[in-house]
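Visitor: Sequence order for the protein chains is A and B. For the first sequence, position 10 matches number 10 in this note's numbering, and the numbering has no gaps at all. For the second sequence, position 113 matches number 113 in this note's numbering, and the numbering has no gaps at all.
Simulated from the structure, these hints should not be mistaken for lab results. Remember, it's a predicted structure, so these values are computed and weren't measured experimentally. Every residue gets a Cβ at the ideal spot worked out from N, C-alpha and C, and that includes glycine. A few of these clues could be false.
Quick list of in silico lysine-lysine cross-link-like pairs, DSSO-like style, CA-CA up to 27 Å [stated by the list, open to error]:
| hint | chain 1 | residue 1 | chain 2 | residue 2 |
| --- | --- | --- | --- | --- |
| 1 | B | Lys57 | B | Lys78 |
| 2 | A | Lys109 | A | Lys3 |
| 3 | A | Lys3 | B | Lys11 |
| 4 | B | Lys78 | B | Lys14 |
| 5 | A | Lys70 | A | Lys109 |
| 6 | B | Lys14 | B | Lys57 |
| 7 | A | Lys70 | A | Lys3 |
| 8 | A | Lys70 | B | Lys14 |
| 9 | B | Lys78 | A | Lys109 |
| 10 | A | Lys38 | A | Lys16 |
| 11 | A | Lys109 | A | Lys38 |
| 12 | B | Lys11 | B | Lys57 |
| 13 | A | Lys38 | A | Lys70 |
| 14 | A | Lys38 | B | Lys14 |
| 15 | A | Lys3 | B | Lys57 |
| 16 | B | Lys11 | A | Lys109 |
| 17 | A | Lys3 | A | Lys38 |
| 18 | B | Lys11 | B | Lys78 |
Which bits of chain B does chain A cover? Going by a derived footprint, with three or more residues having C-beta under 8 Å, they are [what the hints assert, rightly or not]:
| hint | region |
| --- | --- |
| 19 | 64-76 |
| 20 | 82-93 |
| 21 | 100-107 |
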Amino acid sequence: AQKVTQAQTEISVVEKEDVTLDCVYETRDTTYYLFWYKQPPSGELVFLIRRNSFDEQNEISGRYSWNFQKSTSSFNFTITASQVVDSAVYFCARSTGAIGSGYALNFGKGTSLLVTP
Amino acid sequence: GAGVSQSPRYKVAKRGQDVALRCDPISGHVSLFWYQQALGQGPEFLTYFQNEAQLDKSGLPSDRFFAERPEGSVSTLKIQRTQQEDSAVYLCASSARDRDGEAFFGQGTRLTVV
Numbered sequence: 001a002q003k004v005t006q007a008q009t010e011i012s013v014v015e016k017e018d019v020t021l022d023c024v025y026e027t028r029d030t031t032y033y034l035f036w037y038k039q040p041p042s043g044e045l046v047f048l049i050r051r052n053s054f055d056e057q058n059e060i061s062g063r064y065s066w067n068f069q070k071s072t073s074s075f076n077f078t079i080t081a082s083q084v085v086d087s088a089v090y091f092c093a094r095s096t097g098a099i100g101s102g103y104a105l106n107f108g109k110g111t112s113l114l115v116t117p
Numbered sequence: 001g002a003g004v005s006q007s008p009r010y011k012v013a014k015r016g017q018d019v020a021l022r023c024d025p026i027s028g029h030v031s032l033f034w035y036q037q038a039l040g041q042g043p044e045f046l047t048y049f050q051n052e053a054q055l056d057k058s059g060l061p062s063d064r065f066f067a068e069r070p071e072g073s074v075s076t077l078k079i080q081r082t083q084q085e086d087s088a089v090y091l092c093a094s095s096a097r098d099r100d101g102e103a104f105f106g107q108g109t110r111l112t113v114v
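Throw the hints in and build the complete structure from the sequences for me.
Guide: Now the structure itself:
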């Protein structure tokens, strides 16, 4: 399987700090999808974003932003002005195969983010 | 229903017992996935259905694991002769056609084998 590495196991920040979650992935495909999912304490994974390998434009959605660098095989996730409700485990993932052939996801081990007041 | 529903939420099985885990996907979702999540780890892919066809079962860890989706909606993951290493959370996810990877996940079934 093509590996996804999230080197940070746990991060703790104080509310309103910015925090960046790192993700590095392996790929032998020229086309693929990358994802971030959030898993709050309730356990249900929540989809945050999908990027395809064609599009290296960074994306911003409210307090969330993503930096995709194909040259370094990284897809980092930044939360600006963190809030207590952001506390969760965040997973980076990639499609198991090339776009159109790999429907399942390879997940990293996750980064547990704790935001304290 | 509004989301993906899994039952039971919790299951305790004695070693050697058979178990069946149920998943009700979002209505109309073509794709259905099963993942296994061990404590402190990311979800690991088990199997994938498109409608009633099981297109990929490469992640099933042994022939004790079996999944079906006979009418292209509800799916059941069956584990025969459970072992302690089967203890994990089993997650079901569904997604719409042409929305690869944008999956809606259920809350999972936590299986504990004693």
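Visitor: Would you list, in rising numerical order, the hints stated earlier that this structure does not obey?
Guide: Violated hints: 3, 8, 14 and 19; rest satisfied.
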